[in-house]
Each structure stands twice: as structure tokens, then as C-alpha cells.
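Read off the chains here:
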Amino acid sequence: MLDLALSSMLSPVYLLAQEPAAEEVVKEAFKFSSLANQVLNGFGIVGILLLTALGLAITFGVMRIINLAHGEFIMLGAYITFWMQDTFNMDLLMTIPFAFVGTAIVGAIVELTIIRRLYGRPLETLLATWGLSIVLQGVIKLIFTAQLKYVKAPSYLSGGIDLLKDEAGSPLVSISYYRTFIIVVALALLAITMFLFYGTSWGRQIRAVTQNRSMAQCLGVNTKLVDMGTFAYGCGLAGIAGAVISALKTVAPPMGQDYLVDSWMVVVTGGVDKLIGILAGAFLIGESNAVLAFFLNDPTARVLVLGAVIVLIRYRPEGLFTVQKRT
Amino acid sequence: MSNVVMGYKQSTFPKKLAIVSGIILLAFVILPFMVGSFQLSLMSKLLLFGALAVSLDLVWGFTGILSFAHGVFFTLGGYAVAYYLKLNLSAENNNYGGDIPDFMVWNGLEVLPWFIAPLKYFPVAFLAMIGVPALFAYITGSFIFRSKVSGVYITIITLALSSALTTFFISQQAYTGGTNGITDVSKLSVFGMVIPPVGLYFLILAYTAFVVALAWWLTQSNFGLILRSINENENRISFLGYDVAQYKIFVWTLSAALAGVAGGLFVPLNRFISPVYLAVAFGTQVVIWVAIGGRGTIVGPLAAAMILGQVQNSAERVTQDWNLIVGILLLVVVLFIPNGLMSLVPKKFSLSNLSKPKPMPETVVKPVAPSVSEPQPEPVQRGS
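If you read the sequences in order, they're chains A and B.
Numbers 1 to 327, taken from the numbering used here, label the letters of the first sequence in order.
Numbers 1 to 384, taken from the numbering used here, label the letters of the second sequence in order.
Chain B extracted, bound-state conformation:
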């Protein structure tokens, strides 16, 4: 991770980066025509997990807030879409009679609860998919970050949040479907036309590309520079007059919204959502992707999520102990490669290098816009 000092040339179009990412994107566009339906759905899933990992990377890798609660945001978005799909189950698949979902009937509910009923309509469900995780994150964020609580304690709070919500969702069986969650949802359709798996794949690919692009743009901007400064020295950045809590709350909420949409797209693909994705174990999975891939790089977590998922898929055919391998890998990375696997990639090929403009001649006086870079006049290389 290198500190980018903004210069006037920053606005120039990063040609190399555009070419590389264009080629990668093209490969992903061609992919569905090369692989079978199983690989297609697996790749769609892994792309979503990649987007989730990038959203965590925004708060952890760049801002330094380690969260085990990203599974929670993911699942909240997922439930919003699951209710929508469940309530729109077409009449012929609705074999239990009545307008309300099967699990509610089994649990003795006779009327659709008022807070679930509006999710039958697409605009409401769409807004809920983004809004519910974002609102939840905003409330928790403004509660946590406007205090002297820091570092590890925030992580423990996210652990407790995840644990509490899992218990809550399992206990409210009539409203959430309990341990089973919401199953047998209808397929996603537009104007009465069911979206085929390839269509869903492209939708997911577009979303993941959007998340990656947004994360890249955000972290290259002045805003991203402030986030990194918060990560490196929170006190100094607040002495410079920035409202650190405000920035943290913003990036926390944004990241939750991104995770929520990933969860929302996950439901039509997976055809169910359950408290499994709320639990600490799934939240940890996301943390592991980011840790192994490399904090503060955008490509790292994305690649780690996808590669680990693919390896897991092949490994599970031969061994039952995939988790053991992940655990060992995590230990090795933390102990010996603290900046993640991306730090092993030669600097020449790293993303930040590709997106950087050509080095300026030393004689040029840098018209530095953000005041934050003043205490550090030269780009400081951190890590290896």
C-alpha cells in the first residue's frame, strides 16, 4: 500500500489500468459461454462474495475498522429481496393456499405483518435492499464511532451485533422463517419474463464491476486519502480539523449498502436466505478473504474470494477438511505475509502502480490541494 500524493496530473486518464481492467472484464464477459451451468452459478456466487469482500475492504483495509458484521449487512439486504420474491411467488407454485408465505402459515400467522407487506412491490423491495442495511449501519455507526471506543472494542461490538441478530432472527420464526430462513423463493423476473442464469450472471458481473470501480474511484480521491490517514493516524487527522467520526460513519454506511445489494442479488441466485449468513462464521469468512487477499488493495480481496471459492469447490471433492486448510492459510498469511497475498505481487504490476500517473519531475512544485499530505511531503512506502 502506498500513499498516493495527489498531483495535478491525477486527473489524467489512467490508460494502463483501463486496458488491464478492460481485458479482465472481457474475460468475465466471455466466461459464461465457455463453462457449464454449475460453474456459471458458482462464478456468479463468487463474484458476489468478491463484491462483499471489497465492501469490507473499504472499511477495514482503508479506514481500519475491522468488522465481523458484514455478513449481517449482506443478509439484511438478502432478506429484503427474499420477502419480495417469496410474496411474488406465482400462483401455480403456491401450493399451500392463501396469500401469505408458507412459513408464516405454519407458525400461525393469519395476516401479513404490516412491515413485510409493502415488500411485495419491487420499488419498495429495491429501496429496502439498500436502505435497511444502510440505515442499520448508520444507526450502529453513529452510536459506535461518536465515542472514545476504538480498535478492538469496535470489533467486539460487531461480534456481539452479529451474535445478537442471529439469535433474534432464529427466534422470530413466524416472521423470518427461523433457522431455515426463507426458502423456495420465486425466480427474479422483469415484466413477467424470468431472468435466465446467464442474465443473472451479467447482472452480478455488472454490480461487482460497479463496486470495484466505485471503491477504486473513492480510494483514489481526496476522500480516500482522508480515510487512509484515519487508518494511519486518527489523532493527527482530527487535529487538522476533519470530523473523523463523520467520515467513519459515511464509509461504514456506504459499505453496508454495498454489502446489502450483494446480499440482495445473492437471493435470486441461491434461492434461499437463512441466518447462516448472519452468523459470526460467515462474517469471519469475509474477513478471511480480505486478510488473505491483502488489506487496502481492491483486487486482493476480490481475487482471494474468487480463488478460495474455486479451490474450495475442487478441494471439497477430495477432503472434508477444507476449513483446516483455510485456517492454516490464514495463520501463515497473518504471521509471515501481513499485507496479504497481493503484497507478493511485484510492485510493477500492482493496481496502485498502474493507476498512478507518470512520476513528475522533481523540479515541479506540486500544487497540493489536500492539506493532509503536507505533513508527509514525500510518498512514504509502507510495508514491504
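If we strip away everything but chain A, and leave its shape as in the complex, we get:
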């Protein structure tokens, strides 16, 4: 349908992403390596998706809060990193705990003042969190102005690993250290979160509250505290995501919007039943995006993936990896 002539008309931004595709005419051998490159690229996207969606998997997946301000918590994390690097000249890695604590505190305040009043009213929650996202963007714009900010990646994370080289020694298949770092952080956070949820008493309390709130209350669980803690934890994870990806992209007040729709798609695809579902969701969406972009082009791939997610929601609103239960 969409031939290659179309991709040549695209703006330079998309052409940049098409670099591997341009090589394929040169040699058949290149085709394999550029496809492999794109698949590896896809792993980078998977890492980002997993990282940004993890917080939402907590706030929506576990607590069922329709959180449209998720992107803004990512933005908050990125701004905390920027601010700490700007004033104290700190290493990006060192700012991560502060980003977590800072956004978690904001999350706790939000839960206390807004979310708590709206439990059981999903549409109102949706509107309120949207209002919150506008407010957070406005406040950040007031403090830091609308200018784009840049965060330095640590020097020891620059460069990349070459997995395959041609005869001349120039890299054919490579992945940058930073993307690898993102994937590692995402997987580590997923593991920690799963341990917290399935291995500690706090996690048991959270699951008890989501399964049967009033029963948990009867058994002496402080549901309000659990709610607040869980929401703050989810927001803190979004903050870490913001801190880590701040070096990849420019930091600006509307940056969270870019991640909002993607995070939602990942969580909805993976299903909200098990935390591990979002790994599958991130993998499916990230890789299909990358591979489709290789054969077609970036925007078309995005449209196709979004279309596929819409079809998926239509037929399996509970997500791909949820076991059907009788309720």
C-alpha cells in the first residue's frame, strides 16, 4: 500500500529513523544487519516503554485509578534530575533516588487531596487527573519557564557495544550503553516491584485491599494508608522513569504527554492482572513498532500498532495475558 516513494517525502525526523532502511539497497548482507539493528533498537524502545509504564501498572493496574497525570509524574522526575544536576552538578545516577522520593511525595499529596475523594468514580477520576496534569504542567512552566532543558548523561554510559563488525571494522550491529542501561533499570525495577508485591506483607496488604476493600478493612488493614503508599510508590516509579529518560530527550513541560498514550497502551495490552503482563505488553508494542518501522516507516508503524491496540481493547479489554475468572 504505502510504497517507498512515500517515505522519501517524509520530514527529516522520520528520515533519520529510516537510516537502516536506506542501507538495504546496497547489499543483501546489509539487510540482515540493519534488521538486526532495528530489532535491537526495538529493545531500547521496549526498555523505555517498560520503564514509563511501570508506574501506571501500579496506579491503574493494581489500584484501578484512571491516572491521566501519569506523564506529568514522569516530567516531574525529569525536572528533579535537571534541577539537581543544574544546581549541585550531580551525576544523573545519583539523582535517581531523589527523583523517586520527590515524585512519591507529590503523589502522596495528590492522593490525599484529590484521588481519595473520587474512589469508585472512574470518569471523575479521569477528569480530575487530567486537570491535575494541566496544573502540574502550568506550575512547572511557572518555575522553570517553557524553555527546553538538557540533562547530561554520565560519560561512562556514552558509546555502545558493537555486536557485529564488517571487514573494515565499522560497526554493523550495535546497541548503545545508555539503552542497555535503561533496559537494566527497567527490569530491575520490575523485579523489585514484583518482590514488594508478592514477597512482603505490604504487598499482601495491597493485594488484599484491591481484592476486597471492606474485608481488608475489617481485618485491620489501614486501607487509607495502603492506598496512599501504593499511589505514592507508583508515582515514584514514574519519577525514576523521568530521571532516566531525561538524558535521552529534551526536558520540557509537555514532555509527559508523549509517554501517556504509550504507557496506557502497554498496560492495557499486557493486562492488569499480573505485573509481569506489562513486560509482555512493552515487548509486543516496542518490537512490533520497531520491526514495522523497518519495513514501512515510523508513523505508519505507530498508526498500525495503535490500531491493533484498539482492536485488542475491543475484543479483550482485560488485556492479552489475563486469565479469565468467574466473578
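Treat the hints loosely; a few may be bogus.
For lysine-lysine, the following DSS-like pairs were computed, each having C-alpha atoms within a straight-line distance of at most 30 Å [claimed, not checked]:
| # | chain 1 | residue 1 | chain 2 | residue 2 |
| --- | --- | --- | --- | --- |
| 1 | A | Lys152 | A | Lys141 |
| 2 | B | Lys148 | A | Lys274 |
| 3 | A | Lys224 | A | Lys274 |
| 4 | B | Lys187 | B | Lys45 |
| 5 | A | Lys141 | B | Lys45 |
| 6 | A | Lys249 | A | Lys152 |
Using C-beta positions, here's what the derived DEER-type ranges look like [said to hold, decoys possible]:
| # | chain 1 | residue 1 | chain 2 | residue 2 | range |
| --- | --- | --- | --- | --- | --- |
| 7 | B | Gln320 | A | Gln211 | 45 to 55 Å |
| 8 | B | Asn180 | A | Ala308 | 27 to 37 Å |
| 9 | B | Ala27 | A | Leu112 | 41 to 51 Å |
| 10 | A | Ala188 | B | Phe210 | 54 to 64 Å |
Every beta carbon over 10 Å from chain A, so not counted as near; a handful from chain B, in silico [as the list claims (entries may be wrong)]:
| # | residue |
| --- | --- |
| 11 | Lys15 |
| 12 | Leu87 |
| 13 | Ala213 |
| 14 | Asn233 |
| 15 | Glu234 |
| 16 | Tyr247 |
| 17 | Val276 |
Hints were generated in silico from the structure; no laboratory data involved.
Note that the Cβ used here is the ideal one computed from N, Cα and C, for glycine as well.
Since chain A is already given, all that's left is putting chain B on it; use the hints.
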């Protein structure tokens, strides 16, 4: 929002309502002769946004389907008219040569694409303005509503729709003009005569009045009663034998068509259309008007769109942070005034009260026509 129980007196002419709306309409008719050209075009724009808000109110306020995709329907109608106006650009304004629009030339197209070419003719463009959004809504609607998907998931689907279409329109630069959209369109003209801004204003006023009247008539009818019942208890209404999906698809399509025409009228006024209006941000704007104005009231969203627009216009001269104010307002409304600002208006003056016939004596047995009102024998006052 009150549940109107239909009685035999419903057919009587709502005199009070007619007087009030007549006065308001008269004020809008006089308005262009009182204000400058800037206010005139601003008011035209806000009237269109008001019509858009009312169209969303039909699906959200009355039927309970929250949609972020109304900007999409608006823009689809807008693009149809934009192609028409672009293709009819008079020869002296056409400074790039050739018959095809400038952005297509820049992007290397040599022949007008077959699916855009017919839009040169007014009847085709007119039909496309209504038909394209309606068809798009019909297809998506029948896909979504004939399933077990409900509530929040539908909203997320509309988010994805809006996001996907924005990406699509930006990527198809040769056909849609990319991020810039379609700019420098000609003015709307009838039989070779260019319509002046005042004429356009009256056209828009007539359309908005039509949308409001249609929405009022629709929601007061038995059909509207069913829509409200779907909003309140979808299961019960389907147990009574109504095809809920059918009603949802119908009101969704109708609302999309209304939004599309508003978009179509927006283009000759604004002189351009771009994917900005497709994006989630604009769709949210519409949702905010309805939420702040009051769901399920027709006047509320209309008034909210117009008042917020006017305030924004004055506020932007002093502050850059208008959005922050809107965000705070939205939060306050959602948390403390869940039925919108219209619920603060005393019941005595509310639209539904004006349009209601005089209360019937209790002794009169109500010859109730629609079966839906039977489970609720007395008018239930919901909300505050």
C-alpha cells in the same frame, strides 16, 4: 438534571423557554453591530466551539460516553471544507502555478489524488463535511459499542483514535499538508460573491442555534429519555428490550456529524486547519467545556465554551499561564461541583424547568407512553 416524565401536556408549546431563548437569540443577532471585527470573529469562533461542546454533551452528558475524539470529528469536517476552499482558490491568489494545491506541489505530487479531486465541487464537499465524520463515527461506533467494552475503556479507545489519526495526518504530508495542515484557503463565496465576516457570523449563529434546538428537541423526546436511561442503568434498559448499542451508535454518529459541520464552518473563519485540532489536547478542551459547564445541560457547555473563550482572550493579555487557571478550575469543578457550573444556577431558572409544562394535578392518571418510565413512577431528582 432531572428526569422528565412525559405527560400528555408535553406537546404544549414551552412558552417561557421560547421567550427566553428568543431574547438570547436576539442579543446575538444585534451583537455584530455593537462590536469590532476582532470580537466578531472571536464570537463566531466561540459559537462554533459552543456547538462542538453541545455535540459532545449529547454523547457524554446524556448517554454517558466520554469521548476525547470530538476534536477528530471536528477536524475531519474541517479538512473536507479546507480542500474545497483550497481547490477553488481564485487564479490571482494562486501564485505557485498549476491546478493542485501548493503543499502537494512541494511534496512532489503531480496529479491531484482521485479521492481529493471531487472535493472541488461544492455539493461533494458539503456531503463530505457531514458524511466523512459521520461515516468514521459509524464505523468506529459499531465496532466499539457492539461489545462488552464499557466506560473507561471506550474513553481510552477514543484517546488512541485521536493519537493515531494525528500521527497519520502529520505523516501523510503530501496529502494533508503535514504539521502545517491546509493554509491560505480562499474565502467562502456564494455564486461568486465572497461572504463578509458578518455573513459568516450569521451563518454560524444559525448553525449553533440549530444544534442547540436539535439537541433540546432530541433530549426532550422519548429518544432522549432512552439515552438518559442508558446513562443511568444500561442493563435495565436492555432488559426492557431496547437495543442499547443501536441507540449509542446513532447518537455517536449524529454527534460526529454535528461536530463535523462545526469544523467545516470553522475553516472559512479560521482560514486554515491543521492536525492541532486532531490532537488529544483539543479533544480535551471540548471535554473541559462540557465538564465545567455541566453535563446533561445544553446551555451549560455552550455557555462554558463561550465564557471561557472570552476570559481566555482577556487573560492572555496579562498572563501566559491561562492553562494553569483552566486546570485549577477543572479540578475545583470535578471535586466540588460534580454537575458543573450550571448546577449552581437556581432550579427556578434552569432550562429543564423552563421547558417543563405546568405540574399536573396529582389526581390525573398519567397516560405514560414510554414504558421506560414505569420502573420510576415519580420524577427522581438526581444530584443536588
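Inset, instruction - List in ascending order the numbers of the hints, as given earlier, that are violated by the structure. - result: none
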